[in-house]
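Student: Using the sequences plus the hints, can you model the full thing?
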Amino acid sequence: MNLRRLILIAIPYLWLLLFFLIPFGIVLKISLSETAIAIPPYTPTLDLSAGWQGFTAYLSELDFDNFSFLAEDDLYWKAFLSSLTISVVSTLLTLAVGFPIAYGMANAPEEWRPSLMVLVILPFWTSFLIRVYAWMGILSQGGLLNQFLIWTGLIDTPLTILNTNTAVYIGIVYTYLPFMVLPIYATLEKLDNSLLEAAEDLGCSRIQAFWLVTAPLSRPGVIAGCFLVFIPVLGEFVIPSLLGGSGTLMIGKVLWEEFFTNRDWPVASAVAVVLLLILIIPITLFQRNQQAQREADE
Amino acid sequence: MRRLTWFNVTALTLGFAFLYIPIVILVIYSFNASKLVTVWAGFSTKWYFELMRNEAFLNAAWVTLKVALASSTAATVLGTMAAYVMVRGGRFFGRTLFSGMIYAPLVMPEVITGLSLLLLFIAVGLERGVFTVVLAHTTFSMCFVSIVVSSRLATFDRSIEEAALDLGCTPFDAFRSVTLPIIAPAVISGWLLAFTLSLDDLVIASFTTGPASTTLPIRIFSSIRLGVSPEINALSTILIALVTIGVITASLVSKRAIMRQRAEEQRAAAT
Amino acid sequence: MQQTANGCGFAPWQDPNEEPLIRFEGVTKKFGEFTAVDRLDVDIFKGEFFALLGPSGCGKTTLMRMLAGFEKPTEGRILLDGRDIGPVPPNKRAVNMMFQSYALFPHLSVAENIAFGLKRSDMPKTEIPGRVDEMLGLVQLREFAGRKPHQISGGQRQRVALARALAKAPKLLLLDEPLGALDKKLRQQTQFELVDIQEKTGTTFVIVTHDQEEAMTVATRVAVMDHGRLIQVDTPDRIYEMPNSVYVADFIGDVNLIEGNVASTEGERVEISWAEGQPLIVGSSASPLAAGTRCSFAIRPEKVAISAERPPDAVNAISGNIHDIAYLGNISTYHVRLDTGHIVKAQTANSRRIGRRDFTWEDAVWLSFTDTAGIVLTG
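Residue numbers (UniProt numbering), protein chains in the order written: chain A, 1 to 298; chain B, 1 to 271; chain C, 1 to 379.
Because the hints were derived from the structure by calculation, they are not lab data.
Keep in mind that the hints are not guaranteed to be accurate.
[Stated by the list, open to error] Below, in silico cross-link-like pairs of lysine to aspartate or glutamate (EDC-like), each with a Cα-Cα straight-line distance of 20 Å or less: (1) Lys171(C) - Asp43(C); (2) Lys148(C) - Glu50(B); (3) Lys148(C) - Glu264(B); (4) Lys92(C) - Glu162(B); (5) Lys171(C) - Glu162(B).
In this text the structure is predicted, and so the values were computed from the model without any measurement.
Tutor: So this is what it looks like as structure tokens:
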């Protein structure tokens with residue numbers, strides 16, 4: 001029985017160690033190596049057959065050049081900063097769009113709600129790539145949005161939207177909307193309606209009751225939704241590369257280009273390490289928030 | 001009770017319009033006769049026939065399907081085991097590390113996961129192809145499976161398993177004949193989730209695949225980087241239709257099951 | 001029911017030659033720093049209906065889970081038929097359990113639930129349907145054999161759980177709050193059914209409950225637990241009439257407690273001084289007490305008589321005013337405030353209509369009771 005338990009624990013454990021933790025070790029290692037024109041394109045490589053000596057020799061050759069390179073070349077600085085800006089702004093935009101939807105769903109008649117849920121989740125099951133692609137045809141120079149705006153007479157010459165940051169924002173809000181709507185809906189749906197009635201009974205107007213009761217009580221869902229959008233957007237690659245232009249700097253895109261276009265593996269790895277370090281803060285905050293929420297629920 | 005005010009109606013209408021208009025436009029223009037995606041030139045299904053003749057797409061679709069089937073099945077087995085260990089495993093050495101490794105891939109940027117796995121495969125000298133993509137997809141989707149299954153296991157009355165032991169089951173027998181049938185819906189939705197994630201994945205597959213085994217998302221990505229094309233619209237429409245049918249069927253089936261169970265419970269309470 | 005058992009002279013615990021079915025020897029169970037069961041010794045005999053009674057967290061459930069095999073004692077041994085069952089896993093024990101939540105397998109029908117344990121025993125396959133049918137008959141659920149657990153009512157689920165646990169004919173059946181999920185009326189009816197089934201099958205039952213009425217109704221013996229220890233193990237009537245401590249007296253039923261000192265003793269008769277200027281209370285004690293011992297006098301409200309005049313021949317009589325009246329339909333409880341400030345409850349049966357009741361608020365009354373009505377406790 002104990003052997004069985006050991007095997008049961010060992011299989012997923014070893015799998016995750018091998019395919020999750022060790023690869024990060026390798027990323028860290030390569031980020032401390034030098035670029036070389038070879039395959040693999042970096043030195044030194046750890047020569048395990050040389051034993052301890054090989055290891056110490058390897059350690060002495062490690063250098064932090066790639067990280068100082070990241071610090072010196074303002075491309076990376078700007079990429080990190082603009083990723084953060086885009087993530088923060090698009091999280092707030094998603095909140096602004098998502099909250100009314102979640103609020104409307106929570107106030108819809110009970111028999112509608114499961115169907116509305118399905119309607120929100122359905123796009124999430126369809127391909128991410130296709131959802132981003134759908135906007136390319138709408139936002140392009142001769143696209144449907146421009147055709148529509150010209151038809152209404154609001155503008156005379158087509159606007160350039162595709163390949164700008166605006167398109168990136170639209171794409172992010174669109175694709176990450178379910179991540180924002182669902183947690184907010186979950187908290188709003190649990191909200192006891194008699195609290196609002198009590199607030200109104202005690203003299204609040206409806207808008208006051210919203211600000212004094214609904215808004216504070218929906219905070220856990222809002223926080224969860226914001227993290228669920230912010231964290232993945234920070235490392236986003238598909239949206240900036242399809243909807244963004246050459247001026248759209250996002251760290252996921254930089255990493256991809258360093259790797260695939262410049263074939264600079266050590267710098268790509270260093271970018272990954274820095275991105276991970278930046279992500280640790282929101283991830284830890286998110287975990288703590290979720291933990292506190294679970295404890296409050298119990 | 002709850003109020004459906006003009007505000008709510010407007011929010012819902014605009015919100016769902018925003019969610020669905022792009023998809024509807026995409027579908028409509030897949031039937032456009034013109035090569036130009038933005039100009040309507042009459043109804044036609046020719047892009048669907050073009051698509052059927054496009055070997056590159058068909059091959060990529062086949063590769064994607066193989067990868068998705070293999071990785072989602074492996075991920076379901078591993079993820080269910082991981083969930084069981086998390087919820088029922090008790091204390092063991094390195095439990096915190098284990099649960100960290102389960103949760104981390106959920107929030108990890110795909111570029112990092114892809115890069116790190118590629119570097120692993122190169123370090124151990126594994127030739128890249130379908131097999132490496134399957135390994136990569138299994139790893140990140142097993143974590144999703146394990147979250148889905150463990151939330152079901154956590155709400156499940158532990159005494160049902162104890163009753164099985166009490167009635168003479170070995171722990172393995174108890175898992176097979178009691179636990180597994182009860183958590184089966186969660187295991188199935190975990191599998192579906194893993195399958196969809198694998199079908200959908202562009203970034204991790206791009207890093208871990210070899211030149212001979214291009215998946216559908218990679219093929220789509222490289223073709224839409226060059227611009228919009230009606231063929232991609234047709235392909236997207238097919239994929240959207242499949243997912244829509246799947247999701248709606250699943251939700252109807254589960255809704256029916258819930259309704260029937262509720263009705264039976266009411267009848268039972270009345271007797 | 002329990003009276004009939006006693007009437008037949010079923011009292012193996014009084015027979016020194018009788019071998020117990022279950023013996024706890026110095027059993028302690030710790031969860032980290034917390035001691036759930038503390039150096040506990042008790043014998044349970046074949047054919048008993050043994051009730052473990054106590055507030056939640058007193059260790060009664062842990063005790064039962066140790067019998068089932070889900071927990072292992074930290075110290076001490078548990079013997080079943082003289083054999084230490086410590087190393088035996090739950091699936092190998094001739095002990096079955098009926099769970100508080102019933103733990104019915106939701107994906108199996110009623111009959112499949114009952115057959116579940118039989119399929120994993122050494123019973124030949126051909127005999128299983130017969131045994132399942134017999135169990136269905138025992139709990140009167142034959143026509144529900146094909147239903148799933150969610151298709152039957154709560155009371156029926158409870159009977160399925162009982163039949164499933166009894167199907168393997170265990171030496172010992174454990175019942176964890178078996179009636180906790182039922183409403184009051186159904187619970188009372190089911191209590192008698194339980195006793196019936198226990199007598200029919202002759203199985204030894206150990207029941208865990210926090211409901212003292214339930215324990216009194218079904219059990220041959222009741223064990224009152226607190227903080228992991230057994231405070232008193234005795235028949236229901238002795239637990240009620242002869243509690244060995246203030247804790248037991250207070251836990252079972254309603255009781256008046258008056259603190260005082262032993263003034264003098266004469267055999268079982270004890271005189272207590274309890275307040276300045278008040279006559280001594282005369283009560284009885286099972287154990288000899290030294291004069292001057294601090295003690296509590298415990299008397300049940302129904303043993304206190306209430307009257308307008310002092311009854312001439314009463315051994316104990318105290319005067320007071322009616323402070324409150326609780327009318328409960330069949331009985332009324334009078335809360336009488338004594339001149340010393342003590343509140344003493346007296347209960348009377350309402351054989352007359354309410355309009356003709358004798359006493360009302362603020363009436364001056366006399367409380368009286370015999371010298372054997374109350375007992376003197378020191379613990």
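Student: Taking the hints in turn, state whether each one holds.
Tutor: Hints versus structure:
1. Of the pairs offered as hints, the one joining Lys171(C) and Asp43(C) holds, with about 15 Å between alpha carbons and a cut-off of 20 Å not exceeded.
2. Annotation: proposed proximity of Lys148(C) to Glu50(B) is violated, straight-line Cα distance about 53 Å (limit 20 Å).
3. Distance check on the hinted pair: Lys148(C) and Glu264(B) sit about 10 Å apart at the alpha-carbon level, within 20 Å; holds.
4. Straight-line distance between C-alpha atoms of Lys92(C) and Glu162(B) comes to about 13 Å, which keeps the hinted pair within the 20 Å bound.
5. For the given pair, Lys171(C) sits about 19 Å from Glu162(B) by alpha-carbon distance, which is consistent with the 20 Å threshold.
Violation of the numbered hints given earlier is confined to hint 2; every other hint is satisfied by the structure.
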